[in-house]
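Enquirer: Sequence:
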Amino acid sequence: MKKSKDDKMLLLKDHVTASNIKVGDYTYYGTDGQKDVVFDRDNVLYNFPGHGDLIIGKFTSIANGVEIIMGAANHPIQSFSTYIFGEYSEEWLHKQGMTKKDMPDKGDTIIGNDVWIGRQAMIMPGVTIGNGAIIGARSLVTKDVPPYAIVGGNPAKVIRYRFDEETINFLEDLKWWDFSPEQLEEAIPYLSTLDLKTVKEKLLAIKG
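For the sequence shown, counting from 1, position 148 maps to 1488 in the working numbering; every step adds exactly one.
Derived by calculation from the structure, the hints in this document are not laboratory data. These numbers were taken from a predicted model, which means no experiment stands behind them. It is possible that part of the hints are untrue.
What the hints assert, rightly or not - Computed cross-link-like contacts, DSS-like style, restricted to lysine-lysine with a CA-CA straight-line distance of at most 25 Å:
no.: 1; residue 1: Lys1515; residue 2: Lys1547
no.: 2; residue 1: Lys1542; residue 2: Lys1515
no.: 3; residue 1: Lys1497; residue 2: Lys1483
no.: 4; residue 1: Lys1446; residue 2: Lys1497
no.: 5; residue 1: Lys1348; residue 2: Lys1362
no.: 6; residue 1: Lys1483; residue 2: Lys1446
no.: 7; residue 1: Lys1537; residue 2: Lys1497
no.: 8; residue 1: Lys1348; residue 2: Lys1375
no.: 9; residue 1: Lys1537; residue 2: Lys1547
no.: 10; residue 1: Lys1353; residue 2: Lys1515
no.: 11; residue 1: Lys1353; residue 2: Lys1375
no.: 12; residue 1: Lys1375; residue 2: Lys1362
no.: 13; residue 1: Lys1362; residue 2: Lys1446
To be verified - Distance windows between CB atoms, simulated:
no.: 14; residue 1: Tyr1423; residue 2: Leu1534; range: 23 to 33 Å
no.: 15; residue 1: Phe1425; residue 2: Ile1499; range: 38 to 48 Å
no.: 16; residue 1: Thr1507; residue 2: Lys1435; range: 54 to 64 Å
no.: 17; residue 1: Lys1435; residue 2: Phe1388; range: 17 to 27 Å
no.: 18; residue 1: Gly1426; residue 2: Glu1506; range: 49 to 59 Å
no.: 19; residue 1: Thr1538; residue 2: Lys1515; range: 15 to 25 Å
no.: 20; residue 1: Lys1435; residue 2: Lys1375; range: 39 to 49 Å
no.: 21; residue 1: Asp1354; residue 2: Ser1429; range: 35 to 45 Å
no.: 22; residue 1: His1415; residue 2: Thr1538; range: 14 to 24 Å
Note that the Cβ used here is the ideal one computed from N, Cα and C, for glycine as well.
Sequences and hints are given; from them, build the entire structure.
Expert: In C-alpha cells, the structure reads:
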C-alpha cells in the first residue's frame, strides 16, 4: 500500500491498535496538522470490550473532529431512572435491578468503502454507512445510511443520492476498492473523471 504524500492524512490501518477496530487500506483521518493523534482514544469513544466492533472499509475519508460512539455509551432507558448505580458504587451494584446483559446491544458499527465523513460529524453505535455515502459536517448519524446517499443534519437525513439507481448498482457490483494495485493504477483516471457515461465499459474491462 502506497504511503500518503500529505502528512495531514493519517492512514488508520497502520495506526489503530484496538483489537475490535478493523480498517481497510488507504482509509485516512484528516489531522489538520495536529500532532500525536490517537484515533482509538480521541475519535472512537466508549470503546470497551464486549460492546461491538468498528469496521471501516477501504478508501474512506474521515475529516478532523469526527467522533464514533461505541456501544458502551449506554444507560438504562426502560427503568424509571437512567442512572448507572452499579458503576458508581460496589454496594449499589448488588442492589440495582438490572445487569449489563439487560442493556440494549447496538451491535457492530460499520462504515463502508469510499465513504466521506465531514468535519465533526458524530456516528452513533450500531449504525451501518453504505459504500460511497457522504456524511455532512457536524451531522448526527443515528440510523443506517444507504449506499451513495448524501446525508446531513441532526439527526442526519438523506438529502439526495449521488447517482441514479442503475449507476449505484453498477458501482456496488464493480467493487473497485477491491481492485489489485495494478488494476487500481489503470482505473484511477476513470474513477476520477466527470464523464461518467463513457467509462463504465472501461472499468468493467479492467475488472476482467
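Enquirer: Does each hint hold? Answer for all of them.
Expert: Against the structure, the hints come out as follows:
1. Proposed proximity of Lys1515 and Lys1547 is supported: the alpha carbons are some 9 Å apart, at most 25 Å.
2. At roughly 14 Å between alpha-carbon atoms, Lys1542 and Lys1515 fall within 25 Å of each other, so this suggested pair holds.
3. With a C-alpha separation of about 9 Å, the suggested pair Lys1497 and Lys1483 falls inside the 25 Å cut-off, and the hint holds.
4. At roughly 20 Å between alpha-carbon atoms, Lys1446 and Lys1497 fall within 25 Å of each other, so this suggested pair holds.
5. Annotation: proposed proximity of Lys1348 to Lys1362 holds, straight-line Cα distance about 21 Å (limit 25 Å).
6. As the CA atoms of Lys1483 and Lys1446 are separated by approximately 11 Å, the hinted pair is consistent with the 25 Å bound.
7. For the suggested pair Lys1537 and Lys1497, the alpha carbons sit about 28 Å apart, so the restraint of at most 25 Å is broken.
8. About 9 Å separates the Cα atoms of Lys1348 and Lys1375, which keeps this hinted pair within 25 Å; it holds.
9. This hinted pair checks out: Lys1537 and Lys1547 have alpha carbons roughly 17 Å apart, not beyond 25 Å.
10. This hinted pair checks out: Lys1353 and Lys1515 have alpha carbons roughly 19 Å apart, not beyond 25 Å.
11. Distance restraint check for Lys1353 and Lys1375: the Cα-Cα separation of roughly 18 Å lies within the 25 Å cut-off, and the hinted pair is therefore satisfied.
12. Taking the CA atoms of Lys1375 and Lys1362, the gap is about 23 Å. The hint holds against a cut of 25 Å.
13. At roughly 18 Å between alpha-carbon atoms, Lys1362 and Lys1446 fall within 25 Å of each other, so this suggested pair holds.
14. Against the hinted window of 23 to 33 Å, the Cβ-Cβ separation of Tyr1423 and Leu1534 comes to about 54 Å, which falls outside the hint.
15. Restraint check, Phe1425 to Ile1499: a C-beta distance of roughly 42 Å satisfies the suggested window 38 to 48 Å.
16. For Thr1507 paired with Lys1435, a C-beta distance near 58 Å keeps the hint of 54 to 64 Å intact.
17. Against the hinted window of 17 to 27 Å, the Cβ-Cβ separation of Lys1435 and Phe1388 comes to about 23 Å, which satisfies the hint.
18. Under the hint 49 to 59 Å, the C-beta atoms of Gly1426 and Glu1506, about 53 Å apart, fit the expected range.
19. A beta carbon spacing of about 20 Å between Thr1538 and Lys1515 agrees with the range 15 to 25 Å that was offered as a hint.
20. Judged by the Cβ atoms, the range 39 to 49 Å given for Lys1435 and Lys1375 holds: they are separated by roughly 46 Å.
21. Between Asp1354 and Ser1429 the beta carbon distance is about 41 Å. The supplied range of 35 to 45 Å therefore holds.
22. Between His1415 and Thr1538 the beta carbons are some 54 Å apart, a value that contradicts the proposed interval 14 to 24 Å.
Consistency with the previously given hints fails for numbers 7, 14 and 22, ordered from lowest to highest.
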